[in-house]
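**Q** Spelled out, the chains give:
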Amino acid sequence: MSDPVLAVDGLSIAFQTRRGPLPAVRDLSFSVGRGEMLAIVGESGCGKSLTALALLGLVPPPGRVTGGTVRLEGRDLLALDEAALRHVRGARISMIFQEPMTALNPVLTVGEQIMEAILEHEPVSRKAARERTLALLERVRIPDPARRFAEYPHRMSGGMRQRVMIAMALAGAPAVLVADEPTTALDVTIQAQILSLIDELRREQGTAVVFITHDLGVVSRYVDRVLVMYAGRKVEERDTRDLFADPFHPYTKGLIAAQPRGLAARPQAGPGPAGVARERLTEIPGTVPALAAMPPGCAFAPRCPLADDRCVRTVPPPRPAGSGLVACHHAGESHAI
Amino acid sequence: MRSDTATPVLSVSGLSVDYGTARGVVHALDDVSFDLAPGETLGIVGESGCGKSTLARAIVRLTDPSAGTIRLGEKDITHASRRDLRAARRDIQMVLQDPAASLDPRWTVGELLAEPLAIHRIGSRADRRGRVADLLRKVGLPPEAAGRRPHEFSGGQRQRIGIARALALEPKIVVLDEPVSALDVSVQAQILNLLTDLQRTLGVSFLFIGHDLSVVEYISDRVAVMYLGRIVELGDRDSLWRRPAHPYTRALLDAAPRIDGPAAPAGPGLTGDTPSPYDLPPGCRFHTRCPNATDLCRHEAPATRELSPGHLVACHFPDTGAEPSSSARFGSGI
Amino acid sequence: MARTDTASLPPTRTDFRDRAVGRLLRRPSALVGLILLAGILAMAAFADVAFPGDPLDMAGSPLLRPGDAAEFPLGTDMMGRDLASGIFHGARVSLLIGGVAALVSLVIGIGIGALSGYYGGRVDRALMRVTELFQTIPPFLFTLALVAILQPSIATITTAIGITSWSGLARLVRAEVLRLRNSELAQASIILGASDARIIFLHILPNALAPVIVSASILVATAILTESSLSFLGLGDPNVVSWGGMVGAGRETIRTDPHVAAIPGVAIVIAVLALNLLGDGLNDVLNGKGERR
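Chains as they are written, first to last, in our numbering: chain A, 1 to 337; chain B, 1001 to 1334; chain C, 2001 to 2293.
Read the hints as simulated data drawn from the structure, not as lab findings. Keep in mind it's a predicted model, so treat the numbers as computed, not measured. Treat the hints loosely; a few may be bogus.
[What the hints assert, rightly or not] Residues from chain B shown here face chain A by an in silico Cβ test under 8 Å; the list is partial:
1) Ser1186
2) Leu1252
3) Pro1257
4) Arg1258
5) Asp1260
6) Gly1261
7) Gly1269
8) Leu1270
9) Pro1282
[As the list claims (entries may be wrong)] Reference listing, derived: stretches of chain A covered by chain B, where coverage requires no fewer than 3 residues with Cβ under 8 Å from a Cβ of chain B:
10) 183 to 194
11) 218 to 225
12) 242 to 256
Think of the CB as a built atom: it goes at the ideal place given N, C-alpha and C, for glycine as much as any other residue.
Just need the whole structure built from these sequences, with the hints factored in.
**A** Here you go:
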């Protein structure tokens, strides 16, 4: 791959508490190339949203970045001061959130807000900014942009608001778009529209996309590469196709197996209703360990069918496997389960 | 309506719910009919505003219907008095979406599970303690859980408590309103397995409300697809997934990506938003987003018709064609 | 048979209430409020032991200053009454009136608020009109008028304060009950077939209590202030000593012997301050502000 647009190396984030720092993301490294879509997947509490915020220097207290670098086009964002960061945010890297309503200003029209985003970063006239705004609204497929320009966010549907957020994020033509669960609050037919829009934008404009999600189905359809996080660490990173065809890490295997299977997995013409044969889903026993009670070795060991002494004692380092990396002592043999 | 002859435990007919609001009247539910057989799971699926939650609330009489009937077995509870309802509630229970919000944080789990029995004056205190232990075992929680309060449990464990509470009265029907939507995938699998096991051992019927198609597909024997207050298609799970007849059902199935599904959507997908329930389109409510809409659809609401035994659709031009080639729909999975 | 959830339960945490008390005690301002209040309660409890006899009787020479005579540590007023004895016995009256008046107002406020919020509709509209009526009349003038008509006594003063101070509380309770009535908590109970009384008393009110407890401490403080003001204006119960009455009695000598009015004045300030500090602390702890986890 050519030079990555965004390269994260050894990123660590901890919550500062009365009882000392509580690590939430540990030693996380990944990179994204131009026009590439990387998904960070994991269950709630795995640190994926915190990672997304760290990419823009937005980790909220009591969280703090405790180590590592986030290089955007060669420049380490974590070394920048707030003023310099503001310059980069929105211009070179922007973000969209799960609930656009929280990120939009309720007392300004959507047009004004997008214009502000443009004027913030470029010395253009208001007239030019207005033109650009209308073009952006059209770009994100908002019907009747001139009318929508003057509308307030609360008058719009969830899908429309997310389009406005995307238009705003694109105002500075950023190199990287971070999308934190952008469709989780939307209906599936609207989700499909928004995801195709993001997909199309990165193909046409070469924007690199870091896509935070818990939905493996969405990942399988739209994403090039997947990074699976568990309890603050990367456990596997693979090309999407390979990951779903042959997951290496027992946690990834568990996640995929826990998904209800579709029609293709069922025998043709099952018995009548009320007697449908239902295959049991594969459960991952137990729950994610609490931050304050992280095991010393592999965090997945307490739930893992393969765990042995080594897993309990030492954290497995990520090592190359297939098209990516896996952090498991048993990765080679894990085909057995 | 269904091929087997078992008397339905629940029979809903022509059910409508209107809300008066400051912005006008909302027809949240319009002429909905279906039966639920003993031991069966009927899935109700649709997007926000389709009326699936209103339907659930109307069936347990949290909301008053404006037309139609709801029968529990032989008994019409559509307009039952509070007194009559109290007795009826032993037969129909509900699991709410957010157990954290529906379990009183001040009560212990033991107290919460004994409450339904106390309300209906079932058993002595000692009997109830035994029942609580039994319920906890049924939903896979240790007996010590009885002494803890809800906030001490994880989301999945709390949902187990919610399920145990709904089962305390040994109902014939449990309405499940998005019971796994707030849970992580691995925990979701635990709860779905639990529900399947409980149904097998207790013979209870489920009405499963959901928006996640793969979950509804997994748990349901039959599925009803709703759009803007109406059932647009109803049929057994496999015929619905193999031969969706309503264009909305097809779009819904196409739009939801799944790991063992096709890498790209089969069709172009739906454009536009769901119309506002305050301002419903005339004719077929789906015509504003339907790729096949004609003048007929714009002016006349389609009647529900039976395509094959048990497979109902409300569309002027249902897709009755052959099953799409497997490569197009699910053969090219990863 | 279901598989057991293999995740072991987390270790038992202490009860919510224990933690609330613990957190309250860790707040310096709330702790100061509690200590001051405990002091005032102790004064009221031991008034007869420390100062036997009627505090309204003449005990020594008039207008002694604090320190003038060892037996009158706080001095005497122009009638020769022991100020220290008055403060101790007055604490009883102030706390009694404050407490009972707050109780009257809590009963009315919670009752009306709960009915209004739970049943809504016509019941709500009727009760809220009555509440608004009470809110539009300035509470102090209303109390003054009631006491003047009914003749001042501890009972009439307490009732009058209680009757005039519940309207804010009723609105607060109504809002909480309305919220909880539409919550999944109440809906879950309705589906189980619970009666209205069970839902209101066992599920809704206990969960609506936090803001009520906070405003109760402020109600007591306000009632103490109101009683003091009435007494100062000469509308106190003439047969008992109260702090407000003592301030009123010291008014005439305020230039020559300010301590006669100042000492009971300080007592009022401390009592009201203590209750307010406690109220703030309770608000932070019960309404979950201030502490993150």
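**Q** Does each hint fit the structure? Answer for all of them.
**A** Evaluated hints:
1. Ser1186: holds (4 Å)
2. Leu1252: holds (6 Å)
3. Pro1257: holds (4 Å)
4. Arg1258: Where the cut-off is 8 Å and the nearest Cβ of chain A is about 4 Å from B:Arg1258, the hint holds.
5. Asp1260: Interface hint status for B:Asp1260: holds (5 Å vs cutoff 8 Å).
6. Gly1261: Cβ of B:Gly1261 sits 6 Å from chain A, so the hint holds.
7. Gly1269: Constraint on B:Gly1269 satisfied, holds at 5 Å.
8. Leu1270: Holds. Min distance 5 Å.
9. Pro1282: violated (21 Å)
10. 183 to 194: With 7 residues closer than 8 Å to chain B, the stretch 183 to 194 of chain A meets the three-residue bar; holds.
11. 218 to 225: Coverage by chain B holds for the stretch 218 to 225 of chain A (5 residues, Cβ < 8 Å).
12. 242 to 256: Coverage by chain B holds for the stretch 242 to 256 of chain A (5 residues, Cβ < 8 Å).
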